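Protein sequence lines correspond, in order, to chains A and B.
Here this note's numbering is used: the first residue of the first sequence is 1072, the next is one more, and so on.
Here this note's numbering is used: the first residue of the second sequence is 1072, the next is one more, and so on.
To be clear, the hints were calculated from the coordinates, so they are not data collected in a lab.
Model, not experiment: these values are computed from the prediction.
Every residue gets a Cβ at the ideal spot worked out from N, C-alpha and C, and that includes glycine.
Mixed in with the good hints, there may be bad ones.
As the list claims (entries may be wrong) - Cβ-to-Cβ under 7 Å is the rule here; a few derived chain B residues that face chain A:
no., residue
1, H1086
2, A1097
3, M1113
4, L1123
5, G1124
6, A1126
7, K1241
To be verified - When the alpha-carbon atoms are kept at most 20 Å apart in a straight line, the in silico DMTMM-like pairs for lysine to aspartate or glutamate are as follows:
no., chain 1, residue 1, chain 2, residue 2
8, B, K1092, A, E1102
9, B, K1092, A, E1239
10, B, K1167, B, D1233
11, B, K1154, A, D1185
12, A, K1096, B, D1081
13, B, K1241, B, E1203
14, B, K1195, B, E1175
15, B, K1092, A, E1222
16, B, K1183, A, D1185
17, B, K1096, A, D1231
18, A, K1167, A, E1180
19, A, K1096, B, D1233
20, A, K1092, B, E1203
21, B, K1167, A, E1102
22, A, K1241, B, E1102
23, A, K1154, A, E1102
Unchecked claim - To be clear about the criterion: a stretch of chain A counts as covered by chain B if any three or more of its residues have a C-beta under 8 Å from a C-beta of chain B, and this derived list gives those stretches:
no., stretch
24, 1102-1116
25, 1206-1217
2 protein chains.
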Amino acid sequence: MQSPPTSAIDLVLAHNLGYAKQYSKAGLAPEPTRHLAVVGCMDARINPITSLGLAYGDAHILRNAGALVTPDVHRSLIISTQKFGVREIMIIGHTKCGMLGFPEAEFVERLKGDYGQSERAPQKFLSFTDLEANVHTQLEIIHSCPWVHPEAVARGFIFDVDTGLLSEVK
Amino acid sequence: MQSPPTSAIDLVLAHNLGYAKQYSKAGLAPEPTRHLAVVGCMDARINPITSLGLAYGDAHILRNAGALVTPDVHRSLIISTQKFGVREIMIIGHTKCGMLGFPEAEFVERLKGDYGQSERAPQKFLSFTDLEANVHTQLEIIHSCPWVHPEAVARGFIFDVDTGLLSEVK
C-alpha cells in the first residue's frame, strides 16, 4: 500500500492528474469574453469564480490580502483594460476580512523582534478599519490610476462569507 | 417580460442571488486548512481552485498579471505565513501567458501617446521572455523576501492551459 502524500502541494498535484484527464478547455482566447476583471481578497473562504457564476475564459481574477488596488493591481488592470479589452471592474471586499481591524503596528514590531529590520520589508500592510469605506477608497484609487482604460467602469461590493451574498457599496 | 441585464456585472449579480440561496459555508475559520498559498496569474482561462482540487477554506489564492512575486504579493505572503499559518507556497506560471514576450516598451509608448506621461503610472509591467526561467526567478524573489515565515516552503509550477496539467519547474 502506497504511503499517502505528505504535503499539501503533493496532494493538489495528485488531484491535478485526474483534473487534466477530464480537461476540455484547449484553445480558449486570452481575452476575457465578459470583458470583466474582478479584484478580490486572497481569503480561503472565497471562490470568486463560482460565487459570480463565471466560466473558463470569462474574466480576469486578481486577488491579494484585502482586495486592495495596490500598485501591482494598478499594473494588472492597465494590462487587463488596455491589452485584453476589459471594460468592467469589480472590487470585492468581504466580511470577516483579516485586514479589517488588523493591529498592523504590533504585527510589525513582532516581525522586527523575530527577524530584524529590513529595507526590503513592506513599509505598510494596508490594514483598514471600515469595510465599506475601504471599498470606496479602492474605487477612488482606481479612478486616479493613470492608463487604466477610461471606458472601464469600476463598481464596489462586499461579499458576505456567511451568506454567500454580494451587496453593492453605494 | 423583464429586460435582460446589460452589463457583465449585472449578470454576475443576478447569478449570485441564486448562489447565495444554495450557500452553506457559514462559520469557516480564516486560517487555510491546508496551510497553503497559491500565487497564480489573473488569466481568465485558469481556475486555480478546481485545477488543484481545493475546497472552501483550504488555501489563500493570490493572482496578478503574470503570477509574479511583486511587493504586493510579498506583503500578502507575510500576512499569509505569519498571521494565518501558511507553510507551503505554489508559484504557478502558465503556457500562453500574456506577459510572456509582451512588447512592453511599445505598450508604454502607446499609453504615453494616448494619455500622456504620469508619475503615478507603473515604471515597469514586468513582462518576461522565458516562462520556466521566470518561475525560477519568482522562487528566488520569495527566498529573498524578509519576514515570510522561514518554515514556509515554496515550489514552482507551470500550468498548461491546453491540457490542464501542472508540471513542476525543477
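How the hints compare with the structure:
For H1086 (chain B), the interface hint holds, the least distance from its beta-carbon to any beta-carbon of chain A being 3 Å, beneath 7 Å. Satisfaction of the interface hint for A1097 (chain B) is found here, the shortest Cβ-Cβ separation to chain A being roughly 4 Å, below the 7 Å cut-off. At its closest, the beta carbon of M1113 (chain B) sits 4 Å from a beta carbon of chain A; the interface hint therefore holds under the 7 Å criterion. The closest approach between the C-beta of L1123 (chain B) and any C-beta of chain A is roughly 4 Å, which is under the 7 Å cut-off, so the hint is satisfied.
At about 3 Å, the closest approach between the beta carbon of G1124 (chain B) and any beta carbon in chain A falls short of 7 Å, and the interface hint on this residue holds. The beta carbon of A1126 (chain B) comes no nearer than 9 Å to any beta carbon in chain A, farther than 7 Å, and the hint placing it at the interface is violated. Interface hint at K1241 (chain B): violated, since its Cβ lies 13 Å from the closest Cβ of chain A, which is beyond the 7 Å cut-off. Taking the CA atoms of K1092 (chain B) and E1102 (chain A), the gap is near 31 Å; set against the 20 Å cutoff, the hint is violated.
Pair hint K1092 (chain B) plus E1239 (chain A) holds up; C-alpha atoms about 18 Å apart against a cutoff of 20 Å. With a C-alpha separation of about 9 Å, the suggested pair K1167 (chain B) and D1233 (chain B) falls inside the 20 Å cut-off, and the hint holds. Annotation: proposed proximity of K1154 (chain B) to D1185 (chain A) holds, straight-line Cα distance about 14 Å (limit 20 Å). With a CA separation close to 26 Å, the supplied pair K1096 (chain A) and D1081 (chain B) exceeds the 20 Å bound.
The straight-line distance between the Cα atoms of K1241 (chain B) and E1203 (chain B) is roughly 9 Å, inside the 20 Å bound, and the hint therefore holds. For the proposed pair K1195 (chain B) and E1175 (chain B), the alpha carbon gap of about 8 Å is at most 20 Å, so the pair holds. Note on K1092 (chain B) and E1222 (chain A): the hinted pairing is violated, with a Cα-Cα distance of about 34 Å set against a maximum of 20 Å. At roughly 45 Å between alpha-carbon atoms, K1183 (chain B) and D1185 (chain A) are farther apart than 20 Å, so this suggested pair is violated.
Simply put, K1096 (chain B) and D1231 (chain A) have alpha-carbon atoms about 10 Å apart, close enough for the 20 Å limit, and the pair holds. Restraint check for K1167 (chain A) and E1180 (chain A): the C-alpha separation of about 24 Å exceeds 20 Å, so the hint is violated. Between K1096 (chain A) and D1233 (chain B), the direct Cα distance comes to roughly 6 Å. Compliance with the 20 Å bound is thereby established for this hinted pair. Among the hinted pairs, K1092 (chain A) with E1203 (chain B) is inconsistent with the structure: their alpha-carbon atoms are about 23 Å apart, more than 20 Å.
Straight-line distance between C-alpha atoms of K1167 (chain B) and E1102 (chain A) comes to about 12 Å, which keeps the hinted pair within the 20 Å bound. Of the pairs offered as hints, the one joining K1241 (chain A) and E1102 (chain B) is violated, with about 30 Å between alpha carbons and a cut-off of 20 Å exceeded. Restraint check for K1154 (chain A) and E1102 (chain A): satisfied, since their Cα atoms lie roughly 8 Å apart, inside the 20 Å limit. Three residues within the 8 Å Cβ limit are the bar, and the stretch 1102-1116 of chain A against chain B gives 11, so the coverage statement holds.
Requiring three or more residues with a Cβ within less than 8 Å of a Cβ of chain B, the coverage given for the stretch 1206-1217 of chain A holds, as 3 such residues are present.
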